[in-house]
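K.L.:
Just so you know, the sequences run in chain order F and Z. Heads up, the first sequence is in our numbering, so the first residue is 1 and it goes up one at a time. Heads up, the second sequence is in our numbering, so the first residue is 1 and it goes up one at a time.
Derived by calculation from the structure, the hints in this document are not laboratory data. Note that beta-carbon positions come from the ideal geometry of N, C-alpha and C, so glycine has one too. Check before you lean on any hint, since a few could be wrong.
[What the hints assert, rightly or not] Dumping the calculated DSSO-like pairs for lysine-lysine here, alpha-carbon to alpha-carbon at most 27 Å: (1) F:K71 - F:K40; (2) Z:K68 - Z:K52; (3) F:K52 - F:K22; (4) F:K41 - F:K67; (5) F:K40 - F:K22; (6) Z:K60 - F:K41; (7) F:K44 - F:K22; (8) F:K9 - Z:K56; (9) F:K41 - F:K22; (10) F:K9 - F:K40; (11) F:K22 - Z:K52; (12) Z:K60 - F:K22.
[Said to hold, decoys possible] Now the in silico label distances, taken between C-beta atoms and shown as ranges: (13) F:D18 - Z:Q81: 15 to 25 Å; (14) Z:E8 - F:S65: 31 to 41 Å; (15) Z:A17 - F:E82: 17 to 27 Å; (16) F:D18 - Z:V82: 41 to 51 Å; (17) Z:S85 - F:S39: 38 to 48 Å; (18) Z:N59 - F:Q95: 23 to 33 Å.
[Unchecked claim] Some residues of chain F that are not near chain Z, with every Cβ distance over 12 Å (derived): (19) N50; (20) E58; (21) R110.
Residue-level listing of the chains:
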Amino acid sequence: DTAVSQTPKYLVTQMGNDKSIKCEQNLGHDTMYWYKQDSKKFLKIMFSYNNKELIINETVPNRFSPKSPDKAHLNLHINSLELGDSAVYFCASSQASGRAYEQYFGPGTRLTVT
Amino acid sequence: GDSVTQMEGPVTLSEEAFLTINCTYTATGYPSLFWYVQYPGEGLQLLLKATKADDKGSNKGFEATYRKETTSFHLEKGSVQVSDSAVYFCALSNDYKLSFGAGTTVTVRA
């Protein structure tokens, strides 16, 4: 069983479109995250939810909107896609929020905007 | 703010060579420190962690010791294998999020 899963794995779309990426974890964790990995492999936190409540919202354009329908799911919706949004997006989860908890990552979604 | 600096790659080694990847951090308080590994085409996996000063994390032959006096968490392995080829990330957590270093690409040749 996959602990943290994401769909789709690859997403190719045109500028201006709206797209969503879905994430699910079956670990029973309380906290979920979205990270963006750029072409140089640099990883940066975008959002974090704890028990469906937003606790981290880094300086991300408001075209990006996370939605957490329940503790096991955290989806990412992106409006009006731009070329600079091309990246790999990783979902992650941890047992709870706090410095000592390791995060478990999904396989990533490679988004290509043309 | 919190930040992590790790040695730039890429690093290319022969099998059975000794590997060291340097990692230093800047943070307030007492962060937890982690090493994650990313194999080609995959997500990140936790390799090891340490949550307080002088803790040593170890896994799969890799080790790192939390050194508060030098704000470092260097990763070492005594004898690498081809299967260790991957990107290695040092990271710290001081609150709700992980702050990552830039990653070091390691290639091990047979």
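K.L.:
Could you run down the list of hints and mark each one as holding or not?
P.N.:
Each hint, compared with the structure:
As the CA atoms of F:K71 and F:K40 are separated by approximately 31 Å, the hinted pair breaks the 27 Å bound. For the suggested pair Z:K68 and Z:K52, the alpha carbons sit about 8 Å apart, so the restraint of at most 27 Å is met. A hinted pair counts as satisfied when its Cα atoms are at most 27 Å apart, and F:K52 with F:K22 qualifies at roughly 15 Å. With a C-alpha separation of about 25 Å, the suggested pairing of F:K41 with F:K67 holds against the 27 Å cut-off.
Distance restraint check for F:K40 and F:K22: the Cα-Cα separation of roughly 24 Å lies within the 27 Å cut-off, and the hinted pair is therefore satisfied. As the CA atoms of Z:K60 and F:K41 are separated by approximately 23 Å, the hinted pair is consistent with the 27 Å bound. For the given pair, F:K44 sits about 18 Å from F:K22 by alpha-carbon distance, which is consistent with the 27 Å threshold. A threshold of 27 Å between alpha carbons decides the hint, and for F:K9 with Z:K56 the separation of about 35 Å lies outside it, so the pair is violated.
The suggested pairing of F:K41 with F:K22 holds, with an alpha-carbon distance near 21 Å, which does not exceed 27 Å. Distance restraint check for F:K9 and F:K40: the Cα-Cα separation of roughly 19 Å lies within the 27 Å cut-off, and the hinted pair is therefore satisfied. For a cut-off of 27 Å, the pair hint linking F:K22 to Z:K52 is broken: about 35 Å separates their Cα positions. Distance restraint check for Z:K60 and F:K22: the Cα-Cα separation of roughly 32 Å exceeds the 27 Å cut-off, and the hinted pair is therefore not satisfied.
Look at F:D18 against Z:Q81: about 45 Å separates their beta carbons, and that is not inside 15 to 25 Å. Z:E8 and F:S65 have their C-beta atoms about 35 Å apart, which keeps the hinted 31 to 41 Å range intact. The hint said 17 to 27 Å for the Cβ distance between Z:A17 and F:E82, and at roughly 43 Å that hint is violated. Hint check: F:D18 to Z:V82, Cβ distance near 43 Å, so the stated range 41 to 51 Å holds.
Between Z:S85 and F:S39 the beta carbons are some 20 Å apart, a value that contradicts the proposed interval 38 to 48 Å. Distance hint check for Z:N59 and F:Q95: the Cβ-Cβ separation is about 18 Å, which falls outside the suggested range of 23 to 33 Å. Some Cβ of chain Z comes within 12 Å of the Cβ of F:N50; the nearest lies about 7 Å off, and the non-interface call is violated. With a least CB separation of 8 Å from chain Z, F:E58 falls inside the 12 Å interface cut-off, contrary to its annotation.
For F:R110, the condition that its CB be more than 12 Å from all CB atoms of chain Z is violated, with the nearest at approximately 9 Å.
Hint compliance for this structure: hints 1, 8, 11, 12, 13, 15, 17, 18, 19, 20 and 21 are not met, and every other hint is.
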